[in-house]
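Given only the sequences and the hints, what does the whole structure look like? Please build it.
Residues per chain, in single letters:
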Amino acid sequence: NAGVMQNPRHLVRRRGQEARLRCSPMKGHSHVYWYRQLPEEGLKFMVYLQKENIIDESGMPKERFSAEFPKEGPSILRIQQVVRGDSAAYFCASSPGTGSSQPQHFGDGTRLSIL
Amino acid sequence: QQQVKQSPQSLIVQKGGISIINCAYENTAFDYFPWYQQFPGKGPALLIAIRPDVSEKKEGRFTISFNKSAKQFSLHIMDSQPGDSATYFCAASKGAGNNRKLIWGLGTSLAVNP
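Which chain is which? The protein sequence lines are A and B, in order.
Note that the first sequence covers residues 19 to 133 in the numbering used here.
Note that the second sequence covers residues 1068 to 1181 in the numbering used here.
For the record, the hints were derived by calculation from the structure and aren't laboratory data.
Some hints could be false.
[To be verified] Take a look, some chain A residues computed to stay more than 12 Å from chain B by CB distance:
hint	residue
1	Arg33
2	Lys80
3	Glu86
4	Gly91
5	Ser131
6	Leu133
[What the hints assert, rightly or not] Not the full set, but computed from the structure, chain A residues with beta-carbon under 7 Å of chain B:
hint	residue
7	Met44
8	Gly46
9	Glu59
10	Phe63
11	Tyr66
12	Ile73
13	Phe83
14	Phe109
15	Gly125
16	Asp126
17	Gly127
[Said to hold, decoys possible] Derived pair list, reagent style DSSO-like, types lysine-lysine, alpha-carbon separation capped at 30 Å:
hint	chain 1	residue 1	chain 2	residue 2
18	A	Lys69	A	Lys80
19	B	Lys1161	A	Lys89
20	B	Lys1161	A	Lys69
21	B	Lys1161	A	Lys45
The beta carbon of each residue, even a glycine, is placed where N, CA and C say it ideally should be.
Right, here's the structure in full:
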């Protein structure tokens, strides 16, 4: 049973370009969370999605960032007009449900570098 | 402000020793407290988790102690091994509707000397 798959693992963009980060949840998981990790810091919640719905985007900047989780295909985190401060590791986690006995499983992240 | 405070920031332990990492939280609505282990270049992996109706949970060499009145919980790694060298994060979540977003501590870098 494959785990959470994120791609690309590394992404380099120049300032002003767009970055698209993909996350395929574990089989049977319909809940996806995105987190951002800055160097030497913990993870910060960005957005929580269920299939075709954004449930909580309170941790995501209102400008330039968007997320989706379509009925078919992976969840996408999109960053438009990237700036140096967007350089970070972005992690996706999935879970089958919302109970505390259904923990979040993480992918190995996408490391975004902005030149 | 940091809702989950973790200490120490770094820890060095000799092989066979006990590693202890502490976390404190403010929000009494939190009802789930996991610990994650992260190796360089990898995503966090769930180690062990506890709910506030239990004061202690043990899985192998890993134990969580939970003090509800003090709003603190800690991870104990018994018989620490060099392979345990990693960054450890505590986290917390509350069951607000269907949303189980995790609030994280800043992490503890553990080095176990052989």
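Right, here's what the structure says about each hint:
1. Arg33: It holds; A:Arg33 is separated from chain B by about 25 Å at its closest Cβ, greater than 12 Å.
2. Lys80: Given a closest Cβ separation of 17 Å, the condition holds.
3. Glu86: holds (18 Å)
4. Gly91: holds (21 Å)
5. Ser131: The assertion about A:Ser131 holds, with a minimum of 14 Å to chain B.
6. Leu133: At about 21 Å from chain B, A:Leu133 clears the 12 Å cut-off, so the statement holds.
7. Met44: The hint is violated - A:Met44 has no Cβ within 7 Å of chain B, the shortest such distance being about 12 Å.
8. Gly46: The hint is violated - A:Gly46 has no Cβ within 7 Å of chain B, the shortest such distance being about 16 Å.
9. Glu59: holds (6 Å)
10. Phe63: holds (4 Å)
11. Tyr66: Hint on A:Tyr66: holds, closest Cβ of chain B at ~6 Å, below 7 Å.
12. Ile73: Hint on A:Ile73: holds, closest Cβ of chain B at ~6 Å, below 7 Å.
13. Phe83: The hint is violated - A:Phe83 has no Cβ within 7 Å of chain B, the shortest such distance being about 16 Å.
14. Phe109: Check passed: Cβ of A:Phe109 comes within 5 Å of chain B, closer than 7 Å.
15. Gly125: holds (5 Å)
16. Asp126: A:Asp126 check passes; min Cβ-Cβ to chain B is 5 Å, inside 7 Å.
17. Gly127: holds (5 Å)
18. A:Lys69 with A:Lys80: Holds - the C-alpha atoms of A:Lys80 and A:Lys69 are around 21 Å apart, at most 30 Å.
19. B:Lys1161 with A:Lys89: holds (27 Å)
20. B:Lys1161 with A:Lys69: holds (21 Å)
21. B:Lys1161 with A:Lys45: holds (25 Å)
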